[in-house]
Amino acid sequence: MATQHSRSAARFMMAPAVILLLGWMLVPLTMTVWFSFTRYLPMRGDSIERGLEWVGFENYVRFIGSSSFWPSVQATLVIVGGVLAITVVLGVLLAILLDQPFWGQGIVRILVIAPFFVMPTVSALVWKNMMMDPVNGMLAHLWRFFGATPVSWLSEASVQSIILIVSWQWLPFATLILLTAIQSLDSEQLEAAEMDGAPVLSRFWHIVLPHLGRAITIVILIQTIFLLSIFAEIFVTTGGSFGTRTLTYLIFQRVVDSQNIGLGSAGGVYAIILANIVAIFLMRIVGKNLDK
Amino acid sequence: MARAVSTRRKIATTALAWAIGLLIFFPIFWTILTSFKTEAQAIANPPLFWGFDFTLENYAVVQERSNYMRFLWNSVIIAGGSTLLGIVIAVPAAWSMAFVPSRRTKDILLWMLSTKMLPAVGVLYPISLIFVQFGLLDTRGGLIVVLMFINLPIIVWMLYTYFREIPGEILEAARMDGAGLKEEILYVLTPMAIPGIASTILLNFILAWNEAFWTLNLTAASAAPLTAFIASYSSPEGLFFAKLSAASTMAIAPILILGWFSQKQLVRGLTFGAVK
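Each protein sequence line maps, in turn, to chains A and B. 255 is the number that the working numbering gives to position 255 of the first sequence; each next residue is one higher, with no gaps. Going from the second sequence to the working numbering is simple: count from 1 and add 1000.
One chain only, chain A, in its complex shape (with noise of 0.2 Å):
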């Protein structure tokens, strides 16, 4: 249908957009992998200018060597698969929730969805001051009125904590996704289980969860790829100390606290590398869903 001179005005309109993001793709990409190459520490007066000594894989050995890598390594996992497993959880069971009749409907959605609207600097601090402060937080309040000694969380509970406050965020993420994926569950198919006398977890095992498969995929790839770069919450909260450094959070230390460059370029390099082992099945399912 299309004819040639359409085609060329798209490949035109198109242009804008597909030259920039690859400029913006490409060009740090490009720095961040050739300063990982090199040593770097502009405090000792490197500079590009100047040019930087070619050092071959050596900041790659020495990102990996480090005795704080496998610890961000297990602190990232604990974080990015705690987070996971509570939002999609209870995202199931809230989404089946939300989705019964009940009073109210309307505004429990929006008391449910409120959280992932809140900035991630806000909602980290509300909940280190407000919620979890040893003395003032509501928690400790709650401990002292049940007789417990009141815990200062984000020290000695601190990888819980931030999943905590992480899962706080994201939870209204997985619950609507999981809702509006319920609510194009054909009904009568529920209906004729019910009437054929199927019990509640039955019916659940059998007919809603298999629904959610794809939905529940979904989910979790989305959220690994924003959750594997969490900072802001852990910036505020612990800055990193107490067993919350993450990946992210080590590259970005190596990067802006010990101004090393080449070694937190490699940091960056195997983050990317790790992004997009996730990223590539996430495409498949957006790809085919495109197809449709």
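Take these hints with a grain of salt, some might be off.
Unchecked claim - Only pairs whose alpha carbons sit at most 20 Å apart, straight line, appear in this in silico EDC-like list of lysine to aspartate or glutamate:
| no. | chain 1 | residue 1 | chain 2 | residue 2 |
| --- | --- | --- | --- | --- |
| 1 | B | Lys1182 | B | Glu1172 |
| 2 | B | Lys1264 | B | Glu1165 |
| 3 | B | Lys1010 | A | Asp99 |
| 4 | A | Lys288 | B | Asp1107 |
| 5 | A | Lys288 | B | Glu1165 |
Source of the hints: derived by calculation from the structure; they are not laboratory data.
Using the hints, position chain B against chain A.
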């Protein structure tokens, strides 16, 4: 046919759903409530849910001491500017991909999505170097450009999914009636595309408003938006519960209100059309 639900079951569901909803919302509620207390009452033990002296003083102090309005203005300019710039660049691209698709359209869309997945920390230093080189550090212009790039893939995707829903037959009908390309765009397509464009603007404004990696790392004083303003309260000397609450309330209130309008767009925008 709607399933018949017993009233008793509905009451139970209502109670449970409200309890969970209020529990999830509690940190936000508590922050807003505390922002109207005096500092002494904010840390009262046991905590005060009612019976405190309602005061607006914290809001006045926050504005006075840290010039809240300036950060707010920076947030508005940066989030608004990056979104509009993104729209200007994305509309033609999404348009052509939706109406004149080629064999490569799918690959281009997926590639755009992949740029979104580049971890920011991996390119932090190159970007700051470029910023220093061009004098963009701590400027609103610089942040507008960066946030535009961050959200451009989402903007293109959202617009693409909206435009694809506009039936092509309408265009053909308009052409039959003798409409030229200009009339076609102005009178037929634009009115149909506006709701989609508005939703895209809304969601991306929110995303840009809340962005907290680049805004924290590329600003110091003059271009700092609300994300950075709030982060400055994490230092111990800034630790006053009532004032922190007032500052937080002011930072999130505009976006909470906008956010409630954008629930539907959220699903579409952040799942790239994979969940509808």
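Measure nothing beyond the straight line between the CA atoms of B/Lys1182 and B/Glu1172; if it is 20 Å or shorter, mark the hint as holding. Between B/Lys1182 and B/Glu1172 the Cα gap is close to 14 Å, so the pair holds against 20 Å.
For B/Lys1264 and B/Glu1165, compute the direct alpha-carbon distance and say whether it is at most 20 Å. holds, 16 Å
A/Lys288 and B/Glu1165: Cα distance at most 20 Å? Holds, at roughly 18 Å.
Does A/Asp99 sit within 20 Å of B/Lys1010, going by the straight-line distance between their CA atoms? holds, 12 Å
Satisfaction of hint between B/Asp1107 and A/Lys288, Cα-Cα up to 20 Å: holds, 12 Å
Against the hints set out earlier in the document, no violation occurs for any number.
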